[in-house]
Amino acid sequence: MTDDEIKTMVLRELKNIAPEFESEIDPALDLREQIDLDSMDMLNLVIAIHEATGVDIPEADYPQMSSLNGCVSYLRSRMK
Amino acid sequence: MPALGADMEVGTILEWLVKPGDAVKRGDIVAVVDTEKATVEVEVFESGIVQQIFVPLGEKVPIGTVLALIRTDGEIAAPPAAKPEPVAALPKIAPVSTTPRPAAPTTVQRAPRPAMPPTVPGRLRISPLAMRRAVELKVDLSIVKGTGPHGAISRADVEKASKAPKAAPPPAPSPVEKAPEPAAAPAVEVPSAVRERKPAVASEERRAAMRKVIAAAMARSKREIPHYYLGTRIDMSRAMAWLQAQNLKRPVTERLLYSVLLVKATALAAREIPEMNGFWVDGAFKPADAVHVGVAISLRQGGLIAPAIHDIDRKRPDEIMVNLRDLVKRVRAGMLRSSEIADATITVTSLGEEGVETVFGIIYPPQVALVGFGKITEEVWAADGMIGAKPTVVATLAADHRASDGHRGGLFLAAIQRLLQEPEKL
Chain A
1 MTDDEIKTMV
11 LRELKNIAPE
21 FESEIDPALD
31 LREQIDLDSM
41 DMLNLVIAIH
51 EATGVDIPEA
61 DYPQMSSLNG
71 CVSYLRSRMK
Chain B
1 MPALGADMEV
11 GTILEWLVKP
21 GDAVKRGDIV
31 AVVDTEKATV
41 EVEVFESGIV
51 QQIFVPLGEK
61 VPIGTVLALI
71 RTDGEIAAPP
81 AAKPEPVAAL
91 PKIAPVSTTP
101 RPAAPTTVQR
111 APRPAMPPTV
121 PGRLRISPLA
131 MRRAVELKVD
141 LSIVKGTGPH
151 GAISRADVEK
161 ASKAPKAAPP
171 PAPSPVEKAP
181 EPAAAPAVEV
191 PSAVRERKPA
201 VASEERRAAM
211 RKVIAAAMAR
221 SKREIPHYYL
231 GTRIDMSRAM
241 AWLQAQNLKR
251 PVTERLLYSV
261 LLVKATALAA
271 REIPEMNGFW
281 VDGAFKPADA
291 VHVGVAISLR
301 QGGLIAPAIH
311 DIDRKRPDEI
321 MVNLRDLVKR
331 VRAGMLRSSE
341 IADATITVTS
351 LGEEGVETVF
361 GIIYPPQVAL
371 VGFGKITEEV
381 WAADGMIGAK
391 PTVVATLAAD
401 HRASDGHRGG
411 LFLAAIQRLL
421 QEPEKL
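Protein chains in written order, with the numbering used here: chain A, 1 to 80; chain B, 1 to 426.
Hint data in this document are derived by calculation from the structure and do not stem from the laboratory. Remember, it's a predicted structure, so these values are computed and weren't measured experimentally. Just so you know, not all the hints are guaranteed correct.
Restraint-style ranges between C-beta atoms, simulated for each label pair [what the hints assert, rightly or not]:
hint, chain 1, residue 1, chain 2, residue 2, range
1, B, R271, A, E22, 27 to 33 Å
2, A, E59, B, G388, 20 to 26 Å
3, A, T8, B, Q421, 31 to 37 Å
4, A, S73, B, G27, 45 to 51 Å
5, B, A389, A, M79, 19 to 25 Å
6, A, S73, B, A389, 42 to 48 Å
BS3-like cross-link-like pairs, simulated, lysine-lysine; straight-line CA separation at most 27 Å [to be verified]:
hint, chain 1, residue 1, chain 2, residue 2
7, B, K329, A, K7
8, B, K329, B, K390
9, B, K222, B, K375
10, B, K315, B, K222
11, B, K249, A, K80
12, B, K163, B, K145
13, B, K329, B, K286
14, B, K329, B, K315
15, B, K329, A, K15
Every residue gets a Cβ at the ideal spot worked out from N, C-alpha and C, and that includes glycine.
Isolated chain B (complex conformation):
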């Protein structure tokens, strides 16, 4: 179970998209996990063949738990389920992402259960739709008889079982991989609407859970990170004029928002001043190779998520805009990818929409910098001995003093300012 952000402690498997024997390649989405904050598509970090799946659908496990075993391309094909292997001898373990993850407490690794007979697949044969219905209807899957191919449980089976009088569970163990708890479905709260791409209307419970994880991450940030703060007002007249001219030429579907320019300028500045881009891990700063900018997106029903847009420094504004639109849509629907949640190397928060001028940010650990942008306001501006009115924005930096000093932070903000004066080059 990957740690999807500094604030995650447990995750629930909502869906397996692979089964033993499937070939996967790096970046494939192999499972869907529910965290306190969102429903996340988990991407695999290694290419290979899925050998075995250890955590069944509906089960809630702590981060660090081994979810599945993947034989990487170079490894010799062990016959699946030949003999139980000790944990230490496991080949490379599937999930997660490249980011250093100091936040994740090392948790107990669940030893693989003794292998199952090869004829029994290591997963419940059930469609995702049926799984959702089972969770909704609180049906114990261990007593549902599947009528689909190879005994697969269909939605109709689940619905039928939900109407049947509650019989005592059969004494014989289900042919399915055993979870420690009896078939986990009833216990789990799943935002089923999310998977159907319906809007996620947060329940009180979910809201409270999200509040709790934000509280934990922010308290940790304030406890551990010696923040320093810098701010500067930036002339946005060139950027806004360029944007207006662009948008006039573009069909409505291709229009840009100014936040794209702010995010891009931040990414390029982060490349110039690498002390702002990376992680504070084990008492030292580890710069990141790529610039993945986390974009803080607030949820109307309360709460906040800052998923990453990858490699922003190398993307054109058009591409960033497409990514941003897609991201906002999926945040609102509660469906994100693991790499988006875990990979951000620096975060941008833009509170201009709410009308504030200046943002004093809190760094999202283990990152070392957060850039804030306020509202674009027209100000009296003196330049070259002339006084005029210009659209401006206040950019602020909250940075980790362990990783950088104010001088470098100042250069970083100066770089953002300079880059925004040549919007056509962004």
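So here's chain A without its partners, still in its complex pose:
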């Protein structure tokens, strides 16, 4: 997957989890704070990403996925 594809995929899953969030997502900022995600939402996001990419993300790596940019670089490194 290219970075753009990863980004599109993450945004799509975020949209499923938080459909009522309509503003632009700032890729550098914390997702949980921007979209008001709780730990259940975060888990659902990780599951959705796992289903889309096959990457099994250990709990210890969640902090690396706090922003959209973080998700992209983390997933890129894991998919190599």
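Keeping the supplied structure of chain A fixed, place chain B upon it in accordance with the hints.
Frame of chain A; chain B shown alone:
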């Protein structure tokens, strides 16, 4: 119309999933109802045969209204629609749930309308999809001509009718069961997206309605319930270590959240101290047999729902996690079941996500206790003469002083604390 929570006053039938002649068994979902707070799948409380349906699709009725008649298994089969029976002689009436419901004001029971000729089914023949379209397009169903089997109205019929110039309604009454208002569809606001499992994006109106019902329930709680409050800080190091070790072994789809442990410990403690688990009804405390824990789930667009997970005290954490995930998903989509909304015997609210340490809860009537958990924080902790840093959580109890005293409340929180020290046994 069952009272789906202490705060509900009216409900609208969005969908009938049964028709006269259908066999139903306890727990089956027979209808979908829209309340101010959510779209709710109504489960039936008796097994039997559906005799007659009284409230048509799209109609808004007060709680307590008879929705349908179900002949229970033991009863003699009366020929359907033989003669109108007086209300008092009605066999058992279908809906609702086992929970005592003092909140529900006794409302007028609508007398069954005179029975219809047996050849005419007591419901509009229309698919749920077509019903939704009709509501969306504000089509008066009484003037739609059905082209489906047995004159059933299809989505295409509805769409065709919406494009047709608005003719005066035909003088002849529709063959459909008559609602007091002319075919109710246009008047009703239905979150159609919900039924298509699309996310429910709350409209301003819906948000305002939800605010109103929360206001009514909470005002009633503060007016009537003499709350007392207790709190204690709990060592979570064992629970968190156990959870981390578990999650390391598990595939992502089977991971647990710590709130599952908190909810389970609360349920077991409620079994030990039964004064926390039940309802204050008619001036007396009625303990509940089962422990159904209401889990407060906030909606991002504002508002709050605390649907129940049933029999938590008897479920393994894995099972509770599956239930919780499913529940959060359906809350976000605005689709719940009647028993989930009405059955909670105690409520847990966990505001740790927002970063608060301590929750001072308001009891959801007619329940008698609400347990709050704050954020998990690392604290300096002295134990066995040693000082260390440990993850901790503050557990609080808001309890009804009519039903219990502080001593019992204290034992209850102590039980939660003790249970969380042995997470592997939860």
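Are the Cα atoms of B/K329 and A/K7 separated by 27 Å or less? Between B/K329 and A/K7 the Cα gap is close to 23 Å, so the pair holds against 27 Å.
Supplied distance hint 45 to 51 Å, evaluated on CB atoms of A/S73 and B/G27: This hint holds: roughly 49 Å between Cβ atoms.
C-beta pair A/E59, B/G388: status relative to the range 20 to 26 Å that was hinted: Since the Cβ atoms of A/E59 and B/G388 sit about 23 Å apart, the hinted range of 20 to 26 Å holds.
Does B/K222 lie within 27 Å of B/K315 when you go C-alpha to C-alpha? Since the Cα atoms of B/K315 and B/K222 sit roughly 33 Å apart, the hinted pair is violated (cutoff 27 Å).
Can you tell me whether the CB distance of A/T8 to B/Q421 sits inside 31 to 37 Å? violated, 46 Å
Straight-line alpha-carbon gap B/K329 to B/K286, limit 27 Å: It is violated: about 32 Å lies between the C-alpha atoms, which goes past 27 Å.
Is the Cα-Cα distance between B/K329 and B/K390 27 Å or less? Cα-Cα ~32 Å, so violated.
Does the Cβ pair B/R271, A/E22 satisfy 27 to 33 Å? Check failed, 44 Å falls outside 27 to 33 Å.
Range agreement (Cβ of B/A389 with Cβ of A/S73, hint 42 to 48 Å): violated, 32 Å
Please work out if B/K329 and B/K315 have their alpha carbons no farther apart than 27 Å. Holds, because 20 Å separates the two Cα atoms, which is no more than 27 Å.
Given the hint that B/K163 pairs with B/K145, test it: the Cα-Cα distance must not exceed 27 Å. holds, 13 Å
Please verify whether B/K329 and A/K15 have alpha carbons no more than 27 Å apart. holds, 13 Å
The structure does not agree with the numbered hints 1, 3, 5, 6, 8, 10, 13 stated previously, though it agrees with the rest.
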